[in-house]
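Chemist: Take the two lone chains, each set in its own frame, and fit them into one complex as the hints suggest.
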Amino acid sequence: MRKYFLWLVLCCAALNMGRLAAQEAPTLAKDPALEARMMGIAQELRCLVCQNETIAASQADLAVDLREQIREKLQQGETPAEIRKFMVDRYGEFVLYKPRLSSRTLLLWGGPFVLLLVGLGVLWRTVRQQPPEPEAPMTAQDEEHARELLGIAKERE
Amino acid sequence: MRKGIVPLAVFIVLVVFLGIGLTLKPRELPSPLIDKPLPAFSLPQLSEPQKALSARDMLGKVWMLNVWASWCVACRIEHPVLVELSRTDPSILIYGLNYKDKRDDALKWLARGGNPYRASLSDTQGLVGIDLGVYGVPETFIIDKQGVIRHKQIGPITPEVLQDTILPLMRKLGA
Chain V
5 MRKYFLWLVL CCAALNMGRL AAQEAPTLAK DPALEARMMG IAQELRCLVC
55 QNETIAASQA DLAVDLREQI REKLQQGETP AEIRKFMVDR YGEFVLYKPR
105 LSSRTLLLWG GPFVLLLVGL GVLWRTVRQQ PPEPEAPMTA QDEEHARELL
155 GIAKERE
Chain W
40 MRKGIVPLAV FIVLVVFLGI GLTLKPRELP SPLIDKPLPA FSLPQLSEPQ
90 KALSARDMLG KVWMLNVWAS WCVACRIEHP VLVELSRTDP SILIYGLNYK
140 DKRDDALKWL ARGGNPYRAS LSDTQGLVGI DLGVYGVPET FIIDKQGVIR
190 HKQIGPITPE VLQDTILPLM RKLGA
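Protein chains in written order, with the numbering used here: chain V, 5 to 161; chain W, 40 to 214.
There may be inaccurate statements among the hints.
Claimed, not checked - In silico lysine-lysine, DSSO-like type, Cα no more than 27 Å apart, as pairs:
| no. | chain 1 | residue 1 | chain 2 | residue 2 |
| --- | --- | --- | --- | --- |
| 1 | W | Lys-211 | W | Lys-90 |
| 2 | V | Lys-77 | W | Lys-139 |
| 3 | V | Lys-89 | W | Lys-64 |
| 4 | W | Lys-64 | V | Lys-102 |
Stated by the list, open to error - Output of the computed footprint for chain W on chain V, the stretches with three or more beta carbons under 8 Å from beta carbons of chain W:
| no. | stretch |
| --- | --- |
| 5 | 45 to 55 |
| 6 | 66 to 73 |
| 7 | 104 to 113 |
As the list claims (entries may be wrong) - Some chain V residues close to chain W (C-beta under 8 Å, calculated; not the full set):
| no. | residue |
| --- | --- |
| 8 | Tyr-95 |
| 9 | Gly-96 |
| 10 | Phe-117 |
Just so you know, the hints here were simulated from the structure itself, not pulled from any lab data. Positions of the beta carbon are idealized from the N, C-alpha and C atoms, including for glycine.
So that you can see chain W by itself, here it is in the shape it has in the complex (with noise of 0.2 Å):
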């Protein structure tokens, strides 16, 4: 009896190990720029390339930044989210980086889709993306009053995720 009790020990804690390894999702990484400020940028507006929005215009308010491309497939799957969302809570301030994409390929994109963007930068080198630590896109970050990174969601916002994570977070920051 007693023999049988050291495989049987090793077996249910590989089974642990590897039960807690299945629940894993190794795509979505912790983000260490979470409760940092947001890396300084100052980027053209994809609507008006003239005009430049940089981290510090947006210090006292909470805002969400979606990372979103024309060429993004699972960015279809939360385009209608956001747009949905832009409608309903006009007070919920959306911005979108356009993350290594052609102007006119995004123009065309919002055009299809609807734009629930205030303004979207465009990221076409990718190198504020590569600040934000961006991975895979689409993500969102939410960011504080005081320009700092609260949440870090990668992939697409689901209905889900935005009324049981986004929207209580950013309402709680006073959005």
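Bound-form chain V, shown alone (with noise of 0.2 Å):
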């Protein structure tokens, strides 16, 4: 199977250069194998234009050139996490949909946690707190009551 994945690989590589030896250099986006890794990438960015889109999903006009930025990037050689850092130092950590484990975010990472366990710590002081009463044996006084309520509930049938 990874052969066989290997040979399309370099078979489209091939295709490829055909192209670029035939025509001037075809837009990159038109190269369906890039533009998957760079959605890839652009889906874990966040747009800072309209802040609740990623980058791959937005339509302003900086995400447009950011996507650019990406391909281009990933045509050089770079790494997927060059690139985010190339994001990181110019827009900040706030880029990153998928922040990175840091102090400023221990909070974050760490904050479903605590919650869970204060949850865990009152459910168990809550059952704890309510040992099953045991109940009084019943008298006979009781048992001559009951007798009586039902026999009552008989005659009323």
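Modeler: This is the structure:
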């Protein structure tokens, strides 16, 4: 399977080279493999213009430019980690949808677990505070009373 | 009585957090470039495209780099403030970065509103803008004599921002 995949990649590369030779530099956007890799990285980056969208999804001018930057950098052989660093160096940690674990993001990463622990603590306390109350055994009087009530109920039926 | 304390405490904590959330300005992100050297660039000047200006040319000066564009709406609010500043205090060095603009539009815009800039640099592709982490025009950088970015203003410079933040900082840096 892996061998097959390698051949496929090589064939694609060969085809591309042919294209490069045949015509002037085709735009990289037409290379689906590169486009997919670019989108993979862009999906983890926040667009700074419309802050609830990824760079992959945003139509903002800046997002279009940054997608082009990612394409160029991938073509130059940069790794996704290097590209992420490029973005963080310019726009800050805020661009990462998946923030790195650091002293500043510790609360962000650890918060849910702290809340879970608090919840478990509350649950533990609540469960422990209500021991099943032992029921007092019925006295003969109680039994007489109960029988009386049942009797009344039967008569009413 | 004791039963009511826990929900009350939770409520107060919640109100405090929401209150802090309301005062945050998510549009104004702290720039990682503060206290870092200005990224190297060399760009043609807007008025004389055959002449280039680079970041290194500005070493030894305290200056303001204002990112603007003719298509930018908020720049219209800011522009008169800068024009006024260039008239009243010519010792303040204002340079422009004309960001992703057409040269003709930019020149027309300056002819109409006045030109407060010693020079404007044409960043037609927006690549220097990316290096500067520009995401919302107008933005303004204050750069010290060593070529280090000391302050970034996001959004238009109002007279208050100018008097309270930018001018005191530039004077402190030796402008």
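Chemist: A separate judgement is required for each hint: does it hold in the structure or not?
Modeler: We went through each hint and held it up to the structure:
{"no.": "1", "hint": "Lys-211(W) with Lys-90(W)", "in the structure": "violated, 31 Å"}
{"no.": "2", "hint": "Lys-77(V) with Lys-139(W)", "in the structure": "holds, 21 Å"}
{"no.": "3", "hint": "Lys-89(V) with Lys-64(W)", "in the structure": "holds, 24 Å"}
{"no.": "4", "hint": "Lys-64(W) with Lys-102(V)", "in the structure": "holds, 21 Å"}
{"no.": "5", "hint": "45 to 55", "in the structure": "holds (count 3)"}
{"no.": "6", "hint": "66 to 73", "in the structure": "holds (count 4)"}
{"no.": "7", "hint": "104 to 113", "in the structure": "violated (count 0)"}
{"no.": "8", "hint": "Tyr-95", "in the structure": "holds, 5 Å"}
{"no.": "9", "hint": "Gly-96", "in the structure": "holds, 5 Å"}
{"no.": "10", "hint": "Phe-117", "in the structure": "violated, 19 Å"}
This entry does not satisfy hints 1, 7 and 10, going by the numbered hints stated previously.
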